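Throw the hints in and build the complete structure from the sequences for me.
Protein chains: 2
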Amino acid sequence: MSLLTVGTVAFDTIETPYGRAERVVGGACTYISWAASYFTNDINLVSIVGDDFPQDEIMALNSRGVNTEGLEIVEGKKSFFWEGKYHENMNQRDTITTDLNVLADFDPVLPASYKDSRYIMLGNLTPEIQSKVMDQLDDPKLIVMDTMNFWMDVALEPLKQAIARVDVLTINDEEARQLSGEYSLVNAADKIHDMGPRFLIIKKGEHGALLFHEGNIFSAPALPLARVNDPTGAGDSFAGGFIGHLASTDDVSFENMKRAVIQGSVAASFCVEEFSIGRLKSLTKNDIERRVEAFKSLVAFDL
Amino acid sequence: MSLLTVGTVAFDTIETPYGRAERVVGGACTYISWAASYFTNDINLVSIVGDDFPQDEIMALNSRGVNTEGLEIVEGKKSFFWEGKYHENMNQRDTITTDLNVLADFDPVLPASYKDSRYIMLGNLTPEIQSKVMDQLDDPKLIVMDTMNFWMDVALEPLKQAIARVDVLTINDEEARQLSGEYSLVNAADKIHDMGPRFLIIKKGEHGALLFHEGNIFSAPALPLARVNDPTGAGDSFAGGFIGHLASTDDVSFENMKRAVIQGSVAASFCVEEFSIGRLKSLTKNDIERRVEAFKSLVAFDL
Chain A
17 MSLLTVGTVA
27 FDTIETPYGR
37 AERVVGGACT
47 YISWAASYFT
57 NDINLVSIVG
67 DDFPQDEIMA
77 LNSRGVNTEG
87 LEIVEGKKSF
97 FWEGKYHENM
107 NQRDTITTDL
117 NVLADFDPVL
127 PASYKDSRYI
137 MLGNLTPEIQ
147 SKVMDQLDDP
157 KLIVMDTMNF
167 WMDVALEPLK
177 QAIARVDVLT
187 INDEEARQLS
197 GEYSLVNAAD
207 KIHDMGPRFL
217 IIKKGEHGAL
227 LFHEGNIFSA
237 PALPLARVND
247 PTGAGDSFAG
257 GFIGHLASTD
267 DVSFENMKRA
277 VIQGSVAASF
287 CVEEFSIGRL
297 KSLTKNDIER
307 RVEAFKSLVA
317 FDL
Chain B
17 MSLLTVGTVA
27 FDTIETPYGR
37 AERVVGGACT
47 YISWAASYFT
57 NDINLVSIVG
67 DDFPQDEIMA
77 LNSRGVNTEG
87 LEIVEGKKSF
97 FWEGKYHENM
107 NQRDTITTDL
117 NVLADFDPVL
127 PASYKDSRYI
137 MLGNLTPEIQ
147 SKVMDQLDDP
157 KLIVMDTMNF
167 WMDVALEPLK
177 QAIARVDVLT
187 INDEEARQLS
197 GEYSLVNAAD
207 KIHDMGPRFL
217 IIKKGEHGAL
227 LFHEGNIFSA
237 PALPLARVND
247 PTGAGDSFAG
257 GFIGHLASTD
267 DVSFENMKRA
277 VIQGSVAASF
287 CVEEFSIGRL
297 KSLTKNDIER
307 RVEAFKSLVA
317 FDL
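Taken in order, these protein sequences are the chains called A and B.
Count along the first sequence from 1, add 16, and you get the number used in our numbering.
Count along the second sequence from 1, add 16, and you get the number used in our numbering.
Honestly, the hints are just simulated from the structure, not real lab data.
Bear in mind that the values here come from a model prediction, so they are computed numbers and not experimental data.
Mixed in with the good hints there might be a few duds.
Copies of the same chain look alike in the list, so a pair counts if it fits in one copy or across any two.
As the list claims (entries may be wrong) - Subject to a maximum C-alpha distance of 20 Å in a straight line, what follows is the list of computed EDC-like cross-link-like pairs (lysine to aspartate or glutamate):
(1) Lys220 to Glu190
(2) Lys220 to Asp189
(3) Lys312 to Glu230
(4) Lys157 to Asp58
(5) Lys207 to Glu173
See the structure below:
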């Protein structure tokens, strides 16, 4: 089924304990679309870049089945740019620079051919923009929304209005606690369900992810890794693998959501192996299948 | 097979966001023995208390198959006492009081009938005492050792000497990082294997536990709970369920270790439901079986 992805397409400069990458391709929508492209070739991308964004990166997405008719290219302006430096533990990072550039004026207008998209992945953006995209959809089957603590701090009401309209919310554990005011993630999930989303995914980084739905909980592990070269985009890759699996199977049952969480975890585990989208660009179906098997054996027990 | 448990038997005063318990029964060996008693009734306890420790608590252990011949009772002295206060998030706590009392002179001498114990659970104590217990064993089949960061700070060499002699080390993630000097838990496990233990269990509290053995990894979830009333003894209950399962099945294969990790996780999940050993005292086989099923369904997916 058709998949619509919205979010940033951007440049990042990233420093981690294992290296530095200058002005490499980044952005939530980039990671989402690349990860999803291993599951479906019917992806409608909505984003904005300046005239500095490389045409060959756009063509690489096109070759993966990503329609970029909805990628607005603003002449004479620059793409969104983020520079960050990760601490030794990789769980914390300092933002060095955030240049909104074209993103300051982003007002997405969906191409006519996008409006009947069935699976929707709203990458992290202002909640107003996420709502504007939802306003333009004819008949979405499943809307998944990612967000972050920043919008809870500065735009809580618009954020709650957007959250009320989505089927699946993906946030991390600290964000779930902040949004709900509950420390226990079980209680946090109850409160967040009351805000609208039938499904809640709480991402816990190196500790995996939890999926909550109608009193059921699924706990997905993260793959323990000897080395994380660059965590940037891990959450977005998770989102891409997750929604890619759902769009390709067109099944929104809890059982299939569990599979989608594993596929998201697999995508995230690849993402962090290299800087930028390096690893996501070079995956094969076989790589993914073997990694799925690794996840299976990681949690398998017979008792 | 016979199980030997060593550690503190003590009083605790505990304050958590959900209540306060004054001078209740605590101690690593208490939690270990209670949790293990649901798997085997051939348990040899080694510890020390003052004459203030209630006889009916000792008899309650006896009735569960715990031999307390190795419980030294020092007339005219007091039992070990710890008072702690947990923060809102339950992952951090402040120690208010630590009165070593009888523990200051603890020099365990194993009763003759204990020496042929096959499964050994060394609860957290000074590494010197843990080594002294190992010195007195005739033919242990599996030695499991728990410890904590405190001994890494003040007694690293004796700790390393003890660790070199054990089969399984159980520590938390921060302790694994401190002991190995490696941030990645995969690399930390490699270094700790080199120190001696064939098996390493890294406890991650609300994030579950990881079992490492010869390049294999098993990831056990923690049960997401709406409310943790008292986390005290969760790690010791884990150790008790873990070694209890192993002693009762007499199988130290990786596959069976995985089952033991789940049984440990089940025991820990019960422990935190009530203050002190309240919940551990009232368990039934049926409670445990149902909780095992909950763990199974928590991680089950078919992909």
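Query raised in the report: Using 20 Å as the alpha-carbon threshold, which applies to lysine 220 and glutamate 190: within, between, both, or neither?
Result: Cα proximity of lysine 220 and glutamate 190: in one copy and across copies (9 Å, 17 Å).
Query raised in the report: Between copies, within a copy, both or neither: which fits lysine 207 and glutamate 173 at Cα up to 20 Å?
Result: Within one copy, since 16 Å is at most 20 Å while 49 Å is not.
Query - Identical-chain pair category, lysine 157 with aspartate 58, by Cα at 20 Å - result: Result: close within a single copy only, 15 Å intra versus 58 Å inter.
Report task. First find the shortest C-alpha distance between lysine 312 and glutamate 230 inside one copy, then the shortest across copies, and answer within, between, both or neither for a cut-off of 20 Å. Result -> between (24 Å within a copy, 18 Å between copies)
Requested in this report: At 20 Å max between alpha carbons, let me know whether lysine 220 reaches aspartate 189 within a copy, between copies, both or neither.
Outcome: both (6 Å within a copy, 15 Å between copies)
Every hint from the earlier list agrees with this structure, and none is contradicted.
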